[in-house]
Every structure is written in C-alpha cells, then in structure tokens.
Amino acid sequence: MDMNEIKEIFFQECEEQLAELESGLLKMNDGDRDPETVNAVFRAVHSIKGGAGAFGLDDLVAFAHVFETTLDCVRSNKLEPNQDVLKVMLKSADVLADLTNAARDGGSVDESRSRGLVKELEALANGELPSPSASSEAPAPKAAAKAAPAAPAPTPKPTDDSGFQPVPFSFDDFGGEGDAGGMPAYEVIFKPRYELYSKGNDATLLLRDLSRLGEMTIYCNTDELPGLEELDPEGAYFFWNVTIKTDKGEDAIRTVFEFAEWDCELTVKPVEEARADATSNDELPMVPVPFDLSILDETGATEEVSASDARAEETAAAVAAAETASNVTQMAAAAARVEKKESAAAAAAAASAAAQNNAAGAGQTIRVDLDRVDRLINLVGELVINQAMLSQSVIENDTTGTSSINMGLEELQQLTREIQDSVMAIRAQPVKPVFQRMSRIVREIADMTGKSIRLITEGENTEVDKTVIDKLAEPLTHMIRNAVDHGIETPEKRAAAGKNTEGTVRLTAKHRSGRILIELADDGAGINREKVRQKAIDNDLIPADANLSDEEIDNLIFLPGFSTADKISDISGRGVGMDVVKRSIQALGGRINITSKPGHGSVFTMSLPLTLAVLDGMVVTVAGQTLVVPLTAIVETLQPEAAAIHSFGANHRLISIRNSFCPLVDVGRILNFRATQANPVEGVALLVESEGGGQRALMVDAIQGQRQVVIKSLEANYTHVPGIAAATILGDGRVALILDVDAVVGASRGQSLKAEMSLAAVG
Amino acid sequence: MSYTVKNLNEGDRELIAFRIGDQEFCVNIMSVREIRGWTPATAMPHSPGYMLGVINLRGAVLPIIDLAARLGMKPADPTARHVIIVAQVRRKVVGLLVDAVSDILTVTDETIQPTPEISSELERQFARGILAIEKRMICLIELESLFPETESEAA
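For the protein sequence lines, the chains are A and B, in the order given.
With the first letter of the first sequence counted as 1, position 490 gets the number 490 in UniProt numbering; the numbers rise by one all the way through.
With the first letter of the second sequence counted as 1, position 110 gets the number 110 in UniProt numbering; the numbers rise by one all the way through.
In isolation and in its complexed conformation, chain A is listed as follows (with noise of 0.2 Å):
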C-alpha cells in the first residue's frame, strides 16, 4: 500500500468525520448537551487534525486545531454552546470541508474567510478561557506548546512529520502559571487502558516523549496487576506515577498524549494540589517500583527495552519477550495458558470493536469500490436477460409449461429477481449526505442574504441508488437557493406579517409506492401568481388572455426562459432558472410538482425512481418497433371507439374520456416511424399524465405486456435521442426503446418547450 492509497483512506475518512462533525454540531444547535455528542465533534476534529498532521497538510492541522481547542472549551465546560457560538462552529466546520477538499484535490480555499474564523474561534477560547493562552492575542503559546512535544509524534502513523511548525514565544506569556523561581512541578498519573496498547501506543514512547519536557521521577504501580492465572496477556493493569518539573505548561504535558488520550486514563494536576489531593485521599497508595528511566533515553534500545519492561508487562502477550524479561519469567510457565488467552483476548477484542461500531450507529461495513459493483450489477442484469431469453426459448418449444424444465426455469427466474434485488440493495445508500450539504448551503445564504433560517430534515436515512443520490444534489441545491432566496421574506418582512422571524425550510425523504418522494417546503411567501402571471407573457410563453388555473400558473416557474438572464445575485437562479432543476428531475426519470399558498410558502414535491437501473415497463409496439412505456407514467389504457374520437383543427385530434377532451397524439408520427397519423380506432390509447398537468393520450398499436427492464444508456455509445429516455433488451435478444413520455408530450404540445423544438422539427 503505497502514500497514496493510505492518503485516499485518510480522505475517506475525513469524510466520514466531517459527516459526524456536521451532524454533532446540528445536534447541539438543536438544544442537545450530551457530552458524548460534544466529545464526538470534538473526535472529529482531532481525527482530521491527527491525520492531516501524519501528511503534513499543514493548513489544515493549522486550521483543525484552532477549532479543535475552541472544541475543548465547550467540552470541559469553559465554554457555552449557545447558538452564537455554534454559529461560528458550523461556519468553522465548512472552512474544514473545504481545507480538506483543497487539501485532496488541490486548488485553494477562501483565505480571508478561513483567517476570520480562526480570529472568531480564537476569540471564542480566550474570551472565556483563563488558559495558559488566555493573556496572549495570537493562539502562538498554544501551538508552540503543542509543538514542541510534537517533533517525535506520539503518534502509532509511521511517521515523524506531524506537521507542527514551532513558534517562537515567550514565557511572559503564560502570565501567572510560569513559576518565576523554579519550574513548576506536575503531577502526572497515567493509565493505559487495554486500547491503547491495541492501537498500537505503547505507554513506554508516550513516557519518553513526557521525559523530554522536563526533569521527571516516575513510579510503576502494579498494585493492579492480577495473579498469573487471571491475567489477560493483552490486558493493561499497570498505571505510573510521574512527577515532572516543566516550564511548559499543563497543555504541552497532555499534548504527549493527545493521541491516547480516549484510551487512557489521565490526570494532570500542579503538584501542591495533587498533594493535597493525595493526603486527602488514601485509596491510590503509591507503592513505588523503581522504574529505570535510562530505558526511556535512546530510541535504539527502545524497542527491545520496551518489549521486555514496559510492554511485554503489560500485555504479557509474547512468550518470547516472556523469556528474556527477567520479571516475568514466572510466565513461560503459563504459556500455555497464555495461548488459551490471547484466543480470548481477540475475541473480546473483536467484541468491543463491534460494540464501539454500534455505539457510532455505523454497523459493520466494508469499503468496495464502486466499480465493482457496478460491473456486478451489469452482470446481474445481463443474466435476467438471459433468464428471460431462456424463457423464451423453451416457452416456443413447449407449449403444455408443465414439463419440469418450466419449473425449473421459474425457479431460476425468481433467484435471478431476488439477486437483482439484493445487488440493487447494495448500491442503496441513505439520502442523508446531500441533505447534509444543503444544511450548509442553507447557512451560508441565509448569512449572505441575512435572512434568518433553520432547515428542518426529515427521512435522512431514506435509502435510494448512489447514482441517484449523486445527481439529486444539484437539482435540490438549486431549489434550496430558490427557497431560501426567493422564498422566505426577510425577518423584517416576516415580523411585519406576523410570522416567526426565522424562516423555515423543511427537507423530507420518504419512500412511496416503489418510488422515493422528496419534499422541499418553506414557509415563505409562496409564489406571487400576479408576478408569475405577468413575467410568463411578458416573456412570451403564454399569452395575455390565457386562462390558466392556480397550479398552472405555479407550474409557469418551471418553464425555459422563464428566469430572466441577469446574473445579478450568484445565489439563485437568476440565470439558471428551474428548468433546468425540471430538467434534471425528468432525466432522472422523476417527477416535480409545486403548490404553494400566498402567505405560507411552496412545497416543491419530487417523486424519483430508487433505481435507476431496471424500470417497470409497458412493452407496447407502435408501426412495427417495440417500445417500453414507463409504467409510472400511464394513468390508464384504453381502447378508443370512433365516436370518442374528435378532430380539431387541421391536424389535431381530440379523444374524449368521461365527458373530458384529451388531446392524442400519435407516438408513431412524433417519433417519425410513419408519415402519416394513424387510425385510432386501430390502436390502443395510453393515457398519460405528464410533467405540469394535464394529460395526454399516446396513440400505439398494440400493447405486448408489462415487465421489468434494465435499463441501458444509449448515450453511452450513442447520443440522446429526443423523445427517447433510455433502451432496454428483450427477451428475444433485441433492444427496445424506452419512451420518454414527457418529452413526447412536450413535443406534442409544440411551441412551449423548446428543448424539444428540434424534434418538432425533424418530425
């Protein structure tokens, strides 16, 4: 595994824990002030801090332990967390988004913006912090404090760059804690817990790296240490006493073990308050061992010297450091037991893994590259196919279906469906992530445009295909602009109508009929339909006498050219409008509808396949071809009579259902498979509900069946076909067409959707 992969995994991660971060500071935005969601954020960022330092991504580190210390704060309490100052966190955690993007990706970040963060989580720290730090402007005491230790990296990475650049300061600084006469002295007890030693810490590296900070005495308490026959050779009972006479500060002492610090127990108290605490308390009575100190010295002998003394002690897991440590030669004895244990030991460790995997709600996972999957799930399709080829086949040359080659082949198509499934399963991932990102987008354009808001998600864990996840974000970044933009009223105008001055914005996933349903609701001012009205003739799309119902007005907003060009605000669509996000919805294979009440905001709801792979399909044939109607879009068929059929107008044909008159349109004439319309009364009408209202009936010739298709890209060796969404193979072997119903609609209806114009006109 070379740099780069390790890189790519530590990005990875930072992902994860950008994620978590995120989501802790949203927790207690939302009023929670658990510790565990304060020591969660704060893991994040010491995660990213400590990875980005083994790299020596220094901007980063820089960045990461600002904040990581303001973090500290709010964690031992000095600090609250109110909304201000999470204000100032939330912001804090996009800068470290993106330091980690440019990091990985290269190019730069924002630096004006990222320094004032830095000033405001400074500020933060000190205002309320009488640290070490607290007399000084410039976070330099702390960063030098963390940087001097920091040179041999009490880090498990195999490296001894961790980025830390000293700072020159002075001891003035410190104000009243640096001891004029002598060195302050420190009393210092740690305790390794079983982790530590199994990530691969060792307490005798984190000890040496403590002797360097000053003159130390330190005692070994073994008073912990089990009888040999209820020891866990992996186990960590000893615990050391060290005092310490430093001039650098408690801070530096707790930065030699600052990636230990979760798996240890450690206290670190000037030493006239331990004492005092020692007299007063007689449960911890030292019993010194004599612990040579030499050892820790040269990094050399370390390795041996710590297998052998501190190590080997503590996890007892080696029988060959058993038998060159002389303390311990009573273990060759117990090897044998030893062996028996270490069994145990790793179960308990896999144990407590699982359970620490539970305690983060992740579960057990595993990273596959998406590549792999996907090659799976083509296969997958492709044996459907097959399957159905199979099926086919034998259906032709044996028509009783009795005979148990039949059976057998039902059989197999049912594992081929269930594989299908479980393979599409895997590429399901929650929708959480992108909404997660939209959160940020809602901050920062409620900050630039000074509105108040508070987006609201629900359903985050609404699972759908990756692929569609990926192309949900843009669209759904688009409309959040538009919300928050266009939508929500300033706080003035808010207060004036008597509303909450600060807007909501609410995001909801949930699942509904095979499909996923993504709601958008603001509780803005709702669509100006006066406005709309007006803006939709004054830019020519509809005319100045139409009679247009509530919702169709509504539904103006979605068409092209319907957002003026000038790119005044880069905030919202002003120059891209919501045809576009229509756009992207539809070639998603979804559906977006508005509704909205003057007054009390727009609901934007989008309904999307979870999949984007197979589709439930009405095979239908029109003049000879064979086409796939995506049964979503199909409200009912049915079979015209000549007396429901009505001309208008030189070439349009209307067929009336109920009582109501519905335009038909002939699928063969639109895609140009035949010159002229055919008879209705010959075929067979599909009623379809298209994008915007109102429903169309497509004239086809005869309807084959109904079943489930794979999907395939034409694009990908051909291009986009204008009324064609997609093709699938048959089960004889052939491609067929899927339908694109609105585009087919779209073209239909002629002037008003002019990316379909060219098919118009070709047709």
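Heads up, some of the hints might be wrong.
Stated by the list, open to error - Every beta carbon over 12 Å from chain A, so not counted as near; a handful from chain B, in silico:
1) R19
2) Q23
3) E24
4) I29
5) E34
6) I35
7) S47
8) V61
9) H82
10) D99
11) D103
12) D109
13) R124
14) F126
15) G129
16) R136
Said to hold, decoys possible - Some but not every residue of chain B turned toward chain A, in silico, with C-beta under 8 Å:
17) T42
18) M44
19) P48
20) G49
21) V54
22) I55
23) G59
24) P63
25) V93
26) V94
27) S120
28) Q125
29) A127
30) L131
31) K135
If you are wondering where the hints come from, they were derived from the structure by calculation, not from laboratory data.
Yeah, the Cβ is synthetic: ideal placement off N, Cα and C, and Gly gets one too.
Fit chain B to the known structure of chain A by using the hints.
Okay, now just chain B, sitting in the frame of chain A:
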C-alpha cells in the same frame, strides 16, 4: 499513433481492409474490437440516414452505422451476408456495416500515399491516404473524423 506489437517493426501498422460496393477501405486494426454478422437493428427515431439503428451486443446498446451511406455512397440493403465491424471511436463503441472484410494488411507509413486532391468535402474529411496493394486501391479512413465529437448535435 504509435504502438508496438512483437513482430511489427517500428513504423509498421496493421490495418483491416473491407469492401463496400466495389471500393476497398481500411482502418487501423487497433480500433477494431470484433467483427460480427448482421442482425436486424432497432430503428432509432430522428436519426440521420446512415444510422441503421441499435443492436444488442452482449448487453450493451450498439449503434449501427451504414458506412456506405456515411461515406456518401449508395445506402446498403443489409443482408445476412453483411458484416458489422465493431470499432472503438474515442470513448464510444460503434458498429460499422460493410459488405465484407477482405484483408489484414501490414504496411509501413511510406506505402501510404497522400490523398489526391479532390473536390468533395466528404472524402477529404475522412480519407487519410491511399494504399496500392496488389493492384488494388485501398482508402485509409480515420474513424474519428467520421464521427466528430459533436455527433450528438449533428444527429
């Protein structure tokens, strides 16, 4: 366009020659994926005349192009005897319908003569030179220029 195959000398290229009507053409063998027989294609709406439709190539949708029509000659009337050359053009895979594959040629760059000056824009657009082999004239065509990047707009 440089590639090295074991028994090829520097500057040698391998070409695959095929017949359309009474003319012979060739393309770089490196762009050819496979050669297969004609199967009926599913017609595509609103496609240019040379676009015969799409077929199923082991699960992928493969557009079939009537090379004769694309080169401005009489459109083919595909029969079972026709051949589809499956070729990689940039990142897309297309099937080229030709009458028959005739030869695999190993030539050096020197044997490729420049395209004579002719008035037709179409021929100049795709012809990259001509070869004289055993009294036959074979026109070397470049597939990339047959299918410009803006194909989607052209279609």
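query: Hint by hint, which ones does the structure fall short of?
result: Violated: hints 7, 8, 19, 20, 27, 28, 29, 30 and 31.
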